[in-house]
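Working from the sequences, and respecting the hints, build out all of it.
If you're matching them up, the sequences are chains A and B in order. In terms of our numbering, the first sequence opens at residue 1 and continues consecutively. In terms of our numbering, the second sequence opens at residue 1 and continues consecutively.
Be aware that one or more of the hints could be misleading.
[What the hints assert, rightly or not] Sample of chain A residues at the chain B side, in silico, Cβ under 8 Å:
| hint | residue |
| --- | --- |
| 1 | LEU16 |
| 2 | PRO98 |
| 3 | GLY150 |
| 4 | THR402 |
[What the hints assert, rightly or not] Subject to a maximum C-alpha distance of 25 Å in a straight line, what follows is the list of computed SDA-like cross-link-like pairs (lysine to any residue):
| hint | chain 1 | residue 1 | chain 2 | residue 2 |
| --- | --- | --- | --- | --- |
| 5 | B | LYS391 | A | LEU333 |
| 6 | B | LYS288 | B | ASP338 |
| 7 | A | LYS38 | B | PRO81 |
| 8 | B | LYS391 | B | HIS342 |
| 9 | B | LYS391 | A | VAL329 |
| 10 | B | LYS391 | A | SER185 |
| 11 | A | LYS38 | B | PRO86 |
| 12 | B | LYS283 | B | VAL357 |
| 13 | B | LYS303 | B | VAL357 |
| 14 | B | LYS288 | B | VAL260 |
| 15 | B | LYS351 | A | SER185 |
| 16 | B | LYS303 | B | MET335 |
| 17 | B | LYS351 | B | PRO313 |
| 18 | B | LYS303 | B | LYS326 |
| 19 | B | LYS303 | A | ASN304 |
| 20 | B | LYS303 | A | LYS38 |
[Stated by the list, open to error] Simulated restraints on C-beta separations:
| hint | chain 1 | residue 1 | chain 2 | residue 2 | range |
| --- | --- | --- | --- | --- | --- |
| 21 | A | PRO336 | B | SER317 | 30 to 38 Å |
| 22 | B | LYS288 | A | ARG15 | 31 to 39 Å |
| 23 | B | ASP360 | A | ASP181 | 43 to 51 Å |
| 24 | A | GLY44 | B | VAL306 | 47 to 55 Å |
| 25 | B | SER317 | A | ASP70 | 53 to 61 Å |
| 26 | A | ASP140 | B | SER276 | 30 to 38 Å |
| 27 | B | SER347 | A | PRO336 | 23 to 31 Å |
These aren't lab readings, by the way, just hints derived from the structure by calculation. Source: prediction; values computed, not measured. Glycine included, each C-beta is placed from N, C-alpha and C at the ideal position.
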Amino acid sequence: MVQNHVFRIYDLVFRLPPHAQSVNFELRRDNHIEYLTKSLKQLGPSFTVLDANRPWLCYWIIHSIALLGDCLDDKLEYGIVDFLQRCQDPNGGYGGGPGQMPHLATTYAAVNALITVGGQRSLSSIDRKKLYAFLLRMKDASGGFRMHDGGEVDVRACYTAISVASVLNILDDRLIQSVGDYILSCQTHEGGIAGEPGSEAHGGYTFCGLAAMVLINEVNRLDLPGLININYYDSIILGGRLDWHYVRSRKQIWRYCISFKLYSVGAASPNYRLALGCELAIFYVIELGGIQARVECGFQGRTNKLVDGCYSFWQGGVAAIIQRLHLLVNEQLGLPNTFKYDCGTESDNDSSDSGGEPYSDGEASPENDIRQPMQEGKSNASAAIGVNDDGYKFIKGPIGMTPLFNSMALQQYILLCSQGLSKGKSNLLWSSDY
Amino acid sequence: RESLTAGLASRLGPGVFLGGFCGWFWNNGHNMWGCVHFTCRKSLATQVDMNRGVEEERERIPMSQRPEWADIRPVPQDDGPNPVVPITPMSSAKPWITSEPYTWRMNDPHAHFNSLKKSFFSIQGITLFLAVNVKTIGSSVDAYKAEVWQFRRLILDALNVDLHEELHFVDQITKDNSKNYQIWHHRRWVAEKLGTQIASKELEFTREIFSQDAKNYHAWSHRQWVLQALGGWENELAYCDELLEDDIFNNSAWNQRYFVVTRSPLLGGLEVMRDSEVAYAIKAILAKPENESPWRYLRGLYKNNVNSLVNDPRVASVCLDVLLDKRDCVHALNMVLDLLSHHHQPSNELKDAVDAVSPDPKPSDSNFAERVCSILQLVDPIRASYWRWRKTSMPAQD
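Next up, the structure:
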């Protein structure tokens, strides 16, 4: 059903004369900004199920606005900082709403939202000391982290904890200890990374695992060629297929509303001190009018499963990281360690300030330091102060290879299928019935 | 105060919980302790919650109209004067839902929950909190709220209730919210407490979930946890067989197979199982060569032992078979590439078969490995960038 609709869209558009086609491939920037700003001020009843995730809503909206190159007015910024401050727990961390128990995911969202807003007031509102204590409390004996007090341990928690600690400059040995071991144990026989040891390789968790390993400087421990292989296989858009979940048992239909993925369009702005420079705004639309549906929080992205717009981020994000790991990848493949930048037709020039500069053989540079080969199997036990800069240095590092996926096809898919074929109005929603 | 509540608690005991029980509510904020007595048999509200589940949320009797909650002062979430992303429910015929944010918040069950929470956590060292309507908490739209479940666990611990009931209660909610992290985590917590006796029930339950969605990620993680923590490995490989017979493309089942083969204490481990599993994978490949899963499974069987993969004649042979058949050959070519990158010497037969599937009548690469990459760029154009990169990252061929 969904696939047919997608094929129909493609069919329709590509039947148009060329000059009429192009309008469908434009990112309707102004429409999106309007929609986002409106959403920041008011969200409809369909978002009730996200009442414990409001920092996420803030983050998705704010970051999307930022990536679109716009900014917020002072009053909104003030409101955001105030609101997130209310979500901050007195003992550290951020909950899903004012007074709610702190949770690593909402902490990640809140911190990144505040960083995106930027400025003295916003940044100083984050109680780093308490947050550190919170992260330490979430640390589990396995080396991983719990999502919340008494909560589940998985790779998402590792990433959100490490990422937040890194960007706030509070990452240290105690937090890092054994995380690498845990994440490594989650890399499956397929090459991707699972949520927990033994589970299936999954795009979302692969991103989390890979990014976390980069931040703690242990990415060399992963089987990178294996990870690349499964990732590029699974990230491919084949003529546009959209995943959705049909809960047969109760005659209820999930509907995704996936807004747009800005990776290949806006790319990572170098102003962000984030582990990865791109985010995806995901809005879940719940069917109205009598059928109450539920939020689908599952990220699909596994072998023989359908493609989903949100994987544009997870897989695309992995692609962005991989591009900067060329030296390590070559080493693991047993190839000579020469830097080779293949300009190709799809170079990702916007992603980094220093993209594209070739290095001669063996030339050392500050950016290359973090990727120096490490002893196999040994984790970096002496995480000095420098470890907090690893993430930033990494994304500033040179890109060693082109994106290994078809970036244009991805953009097409997103613009056609997620942006929709509306006639000029702001429409990020899948308006048909699925 | 301490001794009083402890005394009352011991008098009541856990058995009272199910039939009907009383709760004590200590209002710490006013510096006096209040005793709130309310009954909770299977009240209408509870019944509504339990039987209807999340999707009937809008049919619920509003909290303000439930006598057993009458003495609890709701503490609505305080968004502040300039909230962002405020969620306002729509106006509808349901009296508790209004478009007025404050009224909604007052009637939101979470407001009552906040009240309980405040008192519970503010009691220093006194954990005995005999709550009513524990069944309500966690059964409604709060199902996605981590703190509600966490609080519920604290109460369940304090009350020392029979967790079989709890598991049964969670069953329906899980089925209705099968992709909710909180519920599966809660389930795991309950199962862990119940121990090995519950293993077969949990395996049965996940089997039920899979009958609706054979790839539910949470259910698979739960099942794996059950096997490792509580046991029940005996029929697991057979169950994988069953699922794969049903859908040979089910990668979750392939993953589970790998899990069983490598970790089951009953099977002897990967080394012992490898041979028969290779045969199994090859059979699946020949049935549907376009199915990526068995190819990955095959590679996985030789993890950390790649030379054995290269030297196992069955591997090159299955590639050859698929190519000769001229069926979907992308995965076969990918495997050939992997073999070549580990210095496999291809037979002439294999080389001919590869060339035969090339859309380009005059391939220009003299190097066989590079030729394979070029062919892949043509037969699998969407991944052309990837195959191009593979070409540049082939080790030197002998």
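Consistency of the hints with the structure:
1. Checking A/LEU16 against chain B: minimum C-beta separation of about 22 Å lies over 8 Å; hint violated.
2. Below 8 Å, beta-carbon pairs count as interface contacts, and A/PRO98 has one with chain B at about 5 Å; its hint therefore holds.
3. Of the supplied interface hints, the one on A/GLY150 holds, with its beta-carbon coming within about 5 Å of a beta-carbon of chain B, less than 8 Å.
4. With a least beta-carbon distance of about 6 Å to chain B, the hint placing A/THR402 at the interface is held under the 8 Å criterion.
5. In summary, the hint linking B/LYS391 to A/LEU333 is supported, as the alpha carbons are separated by about 12 Å, within the 25 Å threshold.
6. The straight-line distance between the Cα atoms of B/LYS288 and B/ASP338 is roughly 20 Å, inside the 25 Å bound, and the hint therefore holds.
7. This hinted pair checks out: A/LYS38 and B/PRO81 have alpha carbons roughly 18 Å apart, not beyond 25 Å.
8. With a CA separation close to 14 Å, the supplied pair B/LYS391 and B/HIS342 stays within the 25 Å bound.
9. Simply put, B/LYS391 and A/VAL329 have alpha-carbon atoms about 14 Å apart, close enough for the 25 Å limit, and the pair holds.
10. A hinted pair counts as satisfied when its Cα atoms are at most 25 Å apart, and B/LYS391 with A/SER185 does not qualify at roughly 30 Å.
11. As the CA atoms of A/LYS38 and B/PRO86 are separated by approximately 11 Å, the hinted pair is consistent with the 25 Å bound.
12. Distance check on the hinted pair: B/LYS283 and B/VAL357 sit about 22 Å apart at the alpha-carbon level, within 25 Å; holds.
13. The straight-line distance between the Cα atoms of B/LYS303 and B/VAL357 is roughly 29 Å, outside the 25 Å bound, and the hint therefore fails.
14. For the hint linking B/LYS288 to B/VAL260, the alpha-carbon distance of about 23 Å falls within 25 Å, and the restraint holds.
15. For a cut-off of 25 Å, the pair hint linking B/LYS351 to A/SER185 is broken: about 38 Å separates their Cα positions.
16. For the hint pairing B/LYS303 with B/MET335, the CA-to-CA distance comes to about 14 Å; that is within 25 Å, so the pair holds.
17. For the hint linking B/LYS351 to B/PRO313, the alpha-carbon distance of about 15 Å falls within 25 Å, and the restraint holds.
18. For the hint pairing B/LYS303 with B/LYS326, the CA-to-CA distance comes to about 28 Å; that exceeds 25 Å, so the pair is violated.
19. For the proposed pair B/LYS303 and A/ASN304, the alpha carbon gap of about 21 Å is at most 25 Å, so the pair holds.
20. Taking the CA atoms of B/LYS303 and A/LYS38, the gap is about 51 Å. The hint is violated against a cut of 25 Å.
21. Checked against the given bound of 30 to 38 Å, the beta carbons of A/PRO336 and B/SER317, roughly 33 Å apart, stay inside it.
22. For the pair B/LYS288 and A/ARG15, the supplied restraint of 31 to 39 Å holds, since their beta-carbon distance comes to about 33 Å.
23. Take B/ASP360 and A/ASP181: their Cβ atoms lie about 47 Å apart, and the range 43 to 51 Å holds.
24. Here the CB-CB span from A/GLY44 to B/VAL306 is close to 54 Å, well matched to the stated 47 to 55 Å.
25. Between B/SER317 and A/ASP70 the C-beta distance comes to about 59 Å, which sits within the given range of 53 to 61 Å.
26. Taking 30 to 38 Å as the suggested C-beta distance range, the pair A/ASP140 and B/SER276 conforms, at roughly 37 Å.
27. Taken as a hint, the range 23 to 31 Å holds for the pair B/SER347 and A/PRO336, whose Cβ atoms sit roughly 29 Å apart.
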